[in-house]
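K.L.:
Sequence:
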Amino acid sequence: ENAHVFRQDLEYILENDLFDTLYFQGHVSMTQFSGKRESWAPLNLIHNKVTAPHACKVANRSCELLLSRPEIARCDAKDVGAAFARLHPGMGIKPHLWTAPPRLGVHLGLKVPPGATMIVGNNTVDWKEGKAVVFDDTYIHSVKHRGTETRYLLIAWFCHPCDRFHAEVAPEDPDNLCPH
1 ENAHVFRQDL EYILENDLFD TLYFQGHVSM TQFSGKRESW APLNLIHNKV
51 TAPHACKVAN RSCELLLSRP EIARCDAKDV GAAFARLHPG MGIKPHLWTA
101 PPRLGVHLGL KVPPGATMIV GNNTVDWKEG KAVVFDDTYI HSVKHRGTET
151 RYLLIAWFCH PCDRFHAEVA PEDPDNLCPH
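Numbering (the UniProt record's numbering), first residue to last: 1 to 180.
If you are wondering where the hints come from, they were derived from the structure by calculation, not from laboratory data. Errors might be hidden in some of the hints.
Okay, derived cross-link-like pairs now, DSS-like style, lysine-lysine, Cα gap no bigger than 30 Å in a straight line [as the list claims (entries may be wrong)]:
#	residue 1	residue 2
1	111	49
2	57	131
3	144	94
4	57	128
5	111	94
6	57	78
7	131	144
These numbers come from a predicted model, not from an experiment.
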């Protein structure tokens, strides 16, 4: 329901040619997943409960919305947060997975040209603008971009609802959702 807010903040960043500046002013992370540095660039908004001051000054509505989500703002697991993620055409993200503690990933399509796909386990995912894809980050996943235009997503990682140690927010029905 708030995809338009994230899209507007991203558009402002792109129209003012701020993506690279904000990317390098923030917490540069996860560059090991792509073959060429900056071919995949997550512009961090929140990382481990801490907002990125330069990015959140520009994308303050996005940061406020993300901080209102307890799955992100109150999760004690490592490398939890959210970012605007850029992937250039012809590039990809190597197969990888998150090991511990378990976490979920969400990808919200903001600018999604044809040709960019993600494989999670044995499933191929095509992003759609304004739609979110949620997946278990402990499954092997990778990305290929065979299109001709740059792809942008809002990506977020947050506590798995069954992780009772790191998640301050328990699922509503933990016994049915998270069998022992």
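K.L.:
Does each hint fit the structure? Answer for all of them.
P.N.:
Each hint, compared with the structure:
no. : hint      : verdict
1   : 111 x 49  : holds (26 Å)
2   : 57 x 131  : holds (25 Å)
3   : 144 x 94  : holds (9 Å)
4   : 57 x 128  : holds (27 Å)
5   : 111 x 94  : holds (21 Å)
6   : 57 x 78   : holds (24 Å)
7   : 131 x 144 : holds (19 Å)
Consistency with the previously given hints is maintained throughout, with no hint failing.
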